[in-house]
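Asks: If you read the sequences in order, they're chains A and B. Using this note's numbering, the first residue of the first sequence is number 1, and each one after it goes up by one. Using this note's numbering, the first residue of the second sequence is number 1001, and each one after it goes up by one.
These are computed hints drawn from the structure, not numbers from a lab. Values in this document were obtained by computation on a predicted structure and should not be read as measured data. Among the clues, some could well be false.
What the hints assert, rightly or not - The following label-pair restraints were derived from C-beta to C-beta distances:
1. B:Glu-1222 <-> A:Glu-72: 37 to 47 Å
2. B:Glu-1205 <-> A:Ala-33: 18 to 28 Å
3. A:Gly-85 <-> B:Leu-1019: 47 to 57 Å
4. B:Thr-1148 <-> A:Gly-46: 18 to 28 Å
5. B:Pro-1116 <-> A:Asp-17: 41 to 51 Å
Ideal placement from N, C-alpha and C gives every residue a C-beta, glycine not left out.
The residues making up each chain are set out below.
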Amino acid sequence: MTTIPNIDSAAGEAALDSELKALIADVLGLDPAQAAAFGPESGLFGHLPELDSMAVAGLLTEMEDRLGIVIEDDDVDGEMLETYGGLLAFARAKLNPR
Amino acid sequence: MIFTWNHPGPDGGSPSEELLVAFDRGRTVRVLVCPAWFDEANKLRRFTIEVMRRLDAAGIDTLLPDLPGCNESLAPLEDQTLASWRAGMAAAGEALGATHVLAIRAGALVAPASLPGWHYTAQTGPKLLRGMIRARTIAAREAGMAETSEGLMAQGRESGLVLGGWPIGAAMFRELETAEPALAPGQMDIAQSMVGGPGLWLRAEPDEDAGQADRLAAIIVESIGNSAP
Chain A
1 MTTIPNIDSA
11 AGEAALDSEL
21 KALIADVLGL
31 DPAQAAAFGP
41 ESGLFGHLPE
51 LDSMAVAGLL
61 TEMEDRLGIV
71 IEDDDVDGEM
81 LETYGGLLAF
91 ARAKLNPR
Chain B
1001 MIFTWNHPGP
1011 DGGSPSEELL
1021 VAFDRGRTVR
1031 VLVCPAWFDE
1041 ANKLRRFTIE
1051 VMRRLDAAGI
1061 DTLLPDLPGC
1071 NESLAPLEDQ
1081 TLASWRAGMA
1091 AAGEALGATH
1101 VLAIRAGALV
1111 APASLPGWHY
1121 TAQTGPKLLR
1131 GMIRARTIAA
1141 REAGMAETSE
1151 GLMAQGRESG
1161 LVLGGWPIGA
1171 AMFRELETAE
1181 PALAPGQMDI
1191 AQSMVGGPGL
1201 WLRAEPDEDA
1211 GQADRLAAII
1221 VESIGNSAP
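Just chain A, same shape as in the assembly (with noise of 0.2 Å):
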């Protein structure tokens, strides 16, 4: 498993980022480099028609056992799954909660 330990500094960031991208690369079956031109308006569950529920769950529990975080029912909304800027945003407050 890859760990992400201090996401403060910017190579965590990057680290996030590439972490989610490959993530999503893998659910859709897209090559690295389609998955690294997403940006933060991107749009995800709702503007691509393969990203159904059972795909958005996996995604979702692949997240929990790379990134080591534990998403809840009231976690999961509509801002959060619909663009990459969302899911990014996310996985970095779950990571640095304040």
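Since chain A is already given, all that's left is putting chain B on it; use the hints.
Replies: The following block gives chain B in isolation, referenced to the frame of chain A:
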């Protein structure tokens, strides 16, 4: 490729005819394949058969029975339990003369302990349930219904639950909450890192990967070679 075998029936119940996909040429090494479950079964079906083709080419027989209640099986899925699936796989292994077992994902939960073999990226019962419950709560939310994981878990324990289209009985549900795969003597884990690339069960749409099938088959062939007398 499609054959039948006779399930003697649980606890002296009526025998039934079950289907299996097999590469059966009466060779010495005969691998019983315990498939992945539910949604993962669909995503990994093609991969599973591709691995079997490669083992066939390497001179190894493979036998892939349906889990009772799945695919062509006439048994009702909601009546199945972890114990009935274990018994079904053990009966298949015996009836078909299996010498080894290849268990895929949650298939490791029902791999006969009497056979040496491999657990490919074994999945635990709690993780399997968690993923399926989560899919249901997300779908419910999209539909404007309020369902919580806790509520669904309680309902599943009490009266069973339909998850991702699969009716899972209460007994099976309760068993899965604590089910962990265990390696029996002569069995080894094969992690995804040994096969390389992303696991195909993660994929939103079923897919295949010839390289992964090549590598998993090669690991099995090598392992059999190492253990040959």
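Asks: Taking the hints in turn, state whether each one holds.
Replies: Verification of the hints:
no., hint, verdict
1, B:Glu-1222 <-> A:Glu-72: 37 to 47 Å, "holds, 43 Å"
2, B:Glu-1205 <-> A:Ala-33: 18 to 28 Å, "holds, 20 Å"
3, A:Gly-85 <-> B:Leu-1019: 47 to 57 Å, "holds, 48 Å"
4, B:Thr-1148 <-> A:Gly-46: 18 to 28 Å, "holds, 22 Å"
5, B:Pro-1116 <-> A:Asp-17: 41 to 51 Å, "holds, 43 Å"
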